[in-house]
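Colleague: Please model the complete structure; the sequences and the hints are all you need to start from.
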Amino acid sequence: MAEILLSEVEKYYLVMGVGQDVRVDGRSRSDYRQGDIDLNAVTNSHGSIRARLGETDVIVATKVDLGTPDPDRPDRGTIKFLVDCSPTASPDFEGRGGDELAEKICRILSIAYDKSGTIDLKNLCITPKKYCYVIDVDILVLQCGGNLIDVISMAVKLCLGICELPRVTGLRYDLGQGVPVFSTDEFEFDYLDVKNSPVVVTLPRVGRYFVVDASLEEESCSKGKLAFGVTPDGCVTSIDKLGRGCYQVKSIQAATAMASTVGANVNNTINMRIDSLRELKLRADPKPLSMPMDI
Amino acid sequence: MEEEQDFKSVRGLTRSEALYPRLPLINPETNLRQDGRHTSNIRPIFLQTGIRQGAKGSAYIELGTTKVICIISGPKDLPKKVDFSTTGLLSVEVQLVGGKVPERDVTLIKECLEATILLDKFPKLILEIYLTIMEDGGSAMSACITAAGMALLEAGIPLFDTLVGSTLLYDGKDFYLDPTRQEIEVVDLTDQEKNDKGGGLITMGYLPSREQICLFSMEGKMGPLVLDSAIDVLTQTNLQVYSVVKKQAAHLLVQEEDDPAENTN
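Chain order of the listed sequences is A and B.
Quick note, the first sequence lines up with residues 1 to 295 if you use my numbering.
Quick note, the second sequence lines up with residues 1 to 265 if you use my numbering.
Hints were generated in silico from the structure; no laboratory data involved.
Accuracy of the hints is not assured; some may be wrong.
Pairwise CB distance ranges (calculated) [said to hold, decoys possible]:
1. B:225 <-> A:190: 44 to 52 Å
2. A:207 <-> B:118: 52 to 60 Å
3. A:13 <-> B:78: 47 to 55 Å
4. B:211 <-> A:24: 44 to 52 Å
5. A:268 <-> B:225: 16 to 24 Å
6. A:34 <-> B:239: 44 to 52 Å
7. B:211 <-> A:272: 53 to 61 Å
8. A:193 <-> B:225: 24 to 32 Å
Below, in silico cross-link-like pairs of lysine-lysine (DSS-like), each with a Cα-Cα straight-line distance of 27 Å or less [to be verified]:
9. B:76 <-> A:250
10. B:100 <-> A:104
11. B:76 <-> B:110
12. B:100 <-> A:80
13. B:110 <-> A:223
14. A:223 <-> B:124
15. A:129 <-> B:100
16. A:80 <-> A:104
17. A:223 <-> B:173
18. A:122 <-> A:195
This structure is a prediction, so every number in the text was calculated from the model and none was measured.
Note that CB positions come from ideal geometry on N, CA and C, so glycine has one too.
Modeller: Quick look at the structure:
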């Protein structure tokens, strides 16, 4: 992510502040910045969310298609992620610079959604071995203001929560093969059950403490980060150690405890937001709708 | 809709499925794992250095059927296309024979090695580390870490500490150390019914004398308390691996003929 140049004095001030539990913007170590969610930011998709947390800004859109399941997992549908780090987000993302980060984020998301079993992909199957729903999740990073992975994971969860899966109304017989046909009624759809899906909490280590939702300046003062995927009941679904630091065993255990409590809170807030967004969708017109996200 | 006989998609048993069927993790007759180990036993380790003459550092490790070679070359001058750097650079390549190593694993190993090696000791130079996984019978990443650590010792590269790695599998009830590939495949984390108990696969790279973790990767679903005890168990396992590495390192100090050191636990 973008490199921030800080003087030695500024770094000292930041690190000492974190030690006193008062960060540069006044937050405590486990506080999030102010956030906003916009619904229906992209009108020609099955669901889209624009999420802002502090200066970080991402748009997530989903598209649902008919596809064939993976031959190794014939009774499950698939969710595919594609991250695009636009050069407008940060000068580092020009050319191929953003691709490495994009791949890393894709990988973290795939592990969170595929390998943890927290989303029942069997619900996405229409006919085993033949047809299933394929959900394409496209993520566009508009501005990188620190804590990118967390914001993306929150936005992805919100977007999958409001994603409308069209119901299958019948079969169209094409050369003897029956192909499922989706309903064209915009009120005939199902929602995906994302209640248990994880949210990523990245904890960079600043000085001797871990901080939640770091800004760009705080990230530049940290040597390494731990990214935890946390479910609403506090279970951890993935841990990625990013960066070059080494950790004592007790540090990782402390970070796990912090991520577990903070992540469970965030996840439950997101679940409540998904419920309120779903209600609004039934009544709202497709113009963009904005609401705060209090975490 | 009637099931049509689609001969193209009839899946018979593949050869590996017939030869190695999915057996449960614990054999009910013996109450041990399928290969006769206790849940807390790691497989016997075969570790040998000096396998490639002319290479600065080299190591070969076997963990059961998992076989990894590590070759170290350098430090050498930076090639023209690489930017100038005031600290040393590392180039890490990990290959799997007959497969592809995911980018995430390569990055994890590279960052782990960057944290272990004293890069300030060779500024403007690049150190090349080549890892080849000849066979992945489970716990390949930790085998790579231990092999790389051993090869670095032989190459005499300045390090913070020796590097060892190990893997742990959790199926919802017990911890299985140093899992084989069959055991990892049995714990299918995507199966929703199993999900209430959870499960997970954790790999840890450890610096024993400094008591620091330099590589940590976890996937699955585990509660925080279980995770804490898993980390403690893995730390102890890493100390077992360290005792093997120490024996082989002692061989390096005493300038004997190159006979392989066979270390069993």
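Colleague: Take the hints in turn and mark each one as holding or not.
Modeller: Hints versus structure:
With their beta carbons about 36 Å apart, residue 225 (chain B) and residue 190 (chain A) fall outside the hinted range of 44 to 52 Å. Checked against the hint of 52 to 60 Å, the C-beta distance between residue 207 (chain A) and residue 118 (chain B) comes to roughly 23 Å, which is inconsistent with it. At about 36 Å, the CB distance of residue 13 (chain A) to residue 78 (chain B) disagrees with the hint of 47 to 55 Å. Distance hint check for residue 211 (chain B) and residue 24 (chain A): the Cβ-Cβ separation is about 32 Å, which falls outside the suggested range of 44 to 52 Å.
Here the CB-CB span from residue 268 (chain A) to residue 225 (chain B) is close to 20 Å, well matched to the stated 16 to 24 Å. Look at residue 34 (chain A) against residue 239 (chain B): about 46 Å separates their beta carbons, and that is inside 44 to 52 Å. At about 42 Å, the beta-carbon gap between residue 211 (chain B) and residue 272 (chain A) misses the expected band of 53 to 61 Å. The hinted window of 24 to 32 Å between residue 193 (chain A) and residue 225 (chain B) holds, with their beta carbons roughly 26 Å apart.
For the hint linking residue 76 (chain B) to residue 250 (chain A), the alpha-carbon distance of about 38 Å lies beyond 27 Å, and the restraint is violated. Proximity of residue 100 (chain B) to residue 104 (chain A) is assessed by CA-CA distance (about 16 Å); at most 27 Å being required, the pair is judged to hold. Among the hinted pairs, residue 76 (chain B) with residue 110 (chain B) is consistent with the structure: their alpha-carbon atoms are about 18 Å apart, no more than 27 Å. Simply put, residue 100 (chain B) and residue 80 (chain A) have alpha-carbon atoms about 20 Å apart, close enough for the 27 Å limit, and the pair holds.
Our distance criterion of 27 Å between C-alpha atoms is met by residue 110 (chain B) and residue 223 (chain A), whose separation comes to about 15 Å. In summary, the hint linking residue 223 (chain A) to residue 124 (chain B) is supported, as the alpha carbons are separated by about 21 Å, within the 27 Å threshold. A C-alpha spacing of about 26 Å is found between residue 129 (chain A) and residue 100 (chain B), which places the hinted pair at or below 27 Å, so the restraint holds. A threshold of 27 Å between alpha carbons decides the hint, and for residue 80 (chain A) with residue 104 (chain A) the separation of about 14 Å falls inside it, so the pair holds.
Between the alpha carbons of residue 223 (chain A) and residue 173 (chain B) the distance comes to roughly 35 Å, so the proposed pair goes past 27 Å and is violated. Distance restraint check for residue 122 (chain A) and residue 195 (chain A): the Cα-Cα separation of roughly 15 Å lies within the 27 Å cut-off, and the hinted pair is therefore satisfied.
Hints 1, 2, 3, 4, 7, 9 and 17 from the earlier list are contradicted by this structure; the remaining hints agree with it.
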